[in-house]
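The primary structure of each chain is shown beneath.
Number of protein chains: 2
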Amino acid sequence: MTRMRDFSRDHRWLSINTATVRKSRGVDLPLPQIIEACARRGIRAISPWRDQVAAAGLDTISNLVKAHGLELSGYCRGGMFPAADAQGLRTAREDNRRAVDEACELQAACLVLVVGGLPGALAGKAVHKDLALARSQVRDGIGELLEYSRSMRMPLAIEPLHPMYAADRACINTLEQALDVCDELDAAAADGAGPSGPAALGVAVDLYHVWWDPKLKAQIERAGKRRLLAFHVCDWLTPTTDLLNDRGMMGDGVIDIPQIRGWVEDQGGFAGYSEVEIFSIDNWWQRDHGEVLDTCIERHRGAV
Amino acid sequence: MTRMRDFSRDHRWLSINTATVRKSRGVDLPLPQIIEACARRGIRAISPWRDQVAAAGLDTISNLVKAHGLELSGYCRGGMFPAADAQGLRTAREDNRRAVDEACELQAACLVLVVGGLPGALAGKAVHKDLALARSQVRDGIGELLEYSRSMRMPLAIEPLHPMYAADRACINTLEQALDVCDELDAAAADGAGPSGPAALGVAVDLYHVWWDPKLKAQIERAGKRRLLAFHVCDWLTPTTDLLNDRGMMGDGVIDIPQIRGWVEDQGGFAGYSEVEIFSIDNWWQRDHGEVLDTCIERHRGAV
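Chains Y and F supply the protein sequences, listed in that same order.
For the first sequence, counting from 1, position 230 maps to 230 in my numbering; every step adds exactly one.
Every position in the second sequence, counted from 1, becomes a number in my numbering once 1000 is added.
Among the hints, erroneous ones may be present.
Simulated crosslink set (DSSO-like; lysine-lysine; CA at most 30 Å straight-line) [claimed, not checked]:
{"#": "1", "chain 1": "F", "residue 1": "Lys1215", "chain 2": "F", "residue 2": "Lys1129"}
{"#": "2", "chain 1": "F", "residue 1": "Lys1125", "chain 2": "Y", "residue 2": "Lys217"}
{"#": "3", "chain 1": "Y", "residue 1": "Lys217", "chain 2": "F", "residue 2": "Lys1023"}
{"#": "4", "chain 1": "F", "residue 1": "Lys1023", "chain 2": "Y", "residue 2": "Lys125"}
{"#": "5", "chain 1": "Y", "residue 1": "Lys125", "chain 2": "F", "residue 2": "Lys1215"}
Chain Y stretches covered by chain F per the calculated footprint, using a threshold of three residues with CB under 8 Å from any CB of chain F [to be verified]:
{"#": "6", "stretch": "76-90"}
{"#": "7", "stretch": "123-136"}
{"#": "8", "stretch": "166-179"}
{"#": "9", "stretch": "202-216"}
Across the chosen pairs, the derived CB separations fall in these ranges [claimed, not checked]:
{"#": "10", "chain 1": "Y", "residue 1": "Asp95", "chain 2": "F", "residue 2": "Ala1188", "range": "39 to 47 Å"}
{"#": "11", "chain 1": "F", "residue 1": "Pro1258", "chain 2": "Y", "residue 2": "Gln87", "range": "25 to 33 Å"}
{"#": "12", "chain 1": "F", "residue 1": "Arg1150", "chain 2": "Y", "residue 2": "Ala132", "range": "56 to 64 Å"}
{"#": "13", "chain 1": "F", "residue 1": "Gln1286", "chain 2": "Y", "residue 2": "Arg301", "range": "45 to 53 Å"}
{"#": "14", "chain 1": "F", "residue 1": "Ala1271", "chain 2": "Y", "residue 2": "Leu244", "range": "16 to 24 Å"}
{"#": "15", "chain 1": "Y", "residue 1": "Gly197", "chain 2": "F", "residue 2": "Thr1091", "range": "50 to 58 Å"}
{"#": "16", "chain 1": "F", "residue 1": "Arg1093", "chain 2": "Y", "residue 2": "Cys104", "range": "57 to 65 Å"}
{"#": "17", "chain 1": "F", "residue 1": "Asp1051", "chain 2": "Y", "residue 2": "Asp256", "range": "40 to 48 Å"}
Since the hints were made in silico from the structure, they are not lab data.
None of these values were measured; they are calculated from a predicted model.
Backbone N, C-alpha and C fix where the C-beta goes; we use that ideal spot for every residue, glycine too.
Please take these sequences and the hints and turn them into a complete structure.
Structure representation (structure tokens):
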């Protein structure tokens, strides 16, 4: 029997990843308006994206977040470690340190890492095909950033991305692979060892990326409470018409979300926010953001 | 140092999966014409699809294949085991036995299994979300078919499909998972045990589905010569614009094909055909099939 929290009566454990309402009726929605709309609905946590924060100004957002008493279930995102040359690696390193600083200013629970893939692939032209090299640069990049983030007490959450993004967005593609990196770089934090509280290096479990994995339950158990730093929900639609921007609202697709939340909470011991992250260029981003947020609340209570 | 066959001088190890030229200039191309076009170019092997065979008639195709001395690197496809009810399971079972019979008539090297996902998902409406149940039905279905196929001496090749097809096409999504099924249903065939020659149950390694897997090399080695029944090539494009029908020609994408062929031949001991399987609704299916076949030959020699 799985023990899990009852979400049906309120939405105190709902967090909104602000990409979910990046657009309202197809038009860019500034982060301050997103924050106001969340706060009005009693949503207690968000996870904003760096570009949205930059557009409004870090101080502005920091003040708004504090004024509304919002928590950040995460900060999106650091990563993109691989590069074609030393200059590119240096640029990524500096940018990731700034991301840690911003996450600290906003008192985020963790900095989410989308680790990057083959250099150039996101722009349509990979400069090489050496996935092992990219993975090695990712490991080195995380290792280096970890020294800094640890000193700043900002946990890093590696987000394994769906294998369909291996080339251009993230070459860490399973929870097992992410946890292997955690074991290698931060062995002491395996559950049971070291201090309590979140590990300096852990994982973000986004159902969209990992739901298919036959080893998911076992790897959630392996991760355990200290390394399960974030839990993202949405749904997988059939058919899926776009590799990036056709995510479904919880309940509209094929993922057995309550089952996996049960694993995360019971086997993994996770007790944090359930963060809704939906990229949906033809559906949810075309609707009014108020309707989208109301739907997130309803589905959080009934389908998560 | 990886030992692998030299493909640069001829195309004796090239096989054409006939879906690659399913259309010529956007129009359906009947299988007899595909066979003639392959034979004219000295292509020695094909892997036809059941619907193409059915459209032309099994006898017609069987005679044509023999007349041209063509081999079948595989027969596409059996599978689709999960169903919503007992009647659906029975229908799948009977259909799969017919697929074995057809593969025998055509003297295929193996029957490729695309195992199926959640019942109804391919039509856009999954009847349930229980992936574990689907996987259990797949295992039972393969186990049952294996009794028949073994008696007919037709090897079954489980094709792990990319995780983006987990819901609607195949819930076996990694080589490791496929080999776990092989171990469970046909333990004696693990390399080193039993007779020589192809195992009764093995795997089809299609680069499109498995190239991203951090455990790929290890699992290829695990599979070994007896269980590596088929090797399919194409390429992964960046960006990929369609989940099903935007595969790339070898050399046009990001997969390090020679590296993986090296693993398959050296670590795995594979010595069969390299089968080109490209679904490409907006590019290669719009071109003349003669140009497509000529390009396959050229790329087989230079990019595989």
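We went through each hint and held it up to the structure:
| no. | hint | in the structure |
| --- | --- | --- |
| 1 | Lys1215/F - Lys1129/F | 27 Å, holds |
| 2 | Lys1125/F - Lys217/Y | 25 Å, holds |
| 3 | Lys217/Y - Lys1023/F | 42 Å, violated |
| 4 | Lys1023/F - Lys125/Y | 28 Å, holds |
| 5 | Lys125/Y - Lys1215/F | 25 Å, holds |
| 6 | 76-90 | violated (count 0) |
| 7 | 123-136 | holds (count 7) |
| 8 | 166-179 | holds (count 7) |
| 9 | 202-216 | holds (count 4) |
| 10 | Asp95/Y - Ala1188/F: 39 to 47 Å | 54 Å, violated |
| 11 | Pro1258/F - Gln87/Y: 25 to 33 Å | 29 Å, holds |
| 12 | Arg1150/F - Ala132/Y: 56 to 64 Å | 38 Å, violated |
| 13 | Gln1286/F - Arg301/Y: 45 to 53 Å | 48 Å, holds |
| 14 | Ala1271/F - Leu244/Y: 16 to 24 Å | 40 Å, violated |
| 15 | Gly197/Y - Thr1091/F: 50 to 58 Å | 55 Å, holds |
| 16 | Arg1093/F - Cys104/Y: 57 to 65 Å | 60 Å, holds |
| 17 | Asp1051/F - Asp256/Y: 40 to 48 Å | 32 Å, violated |
Consistency note: the structure conflicts with the earlier hints numbered 3, 6, 10, 12, 14 and 17.
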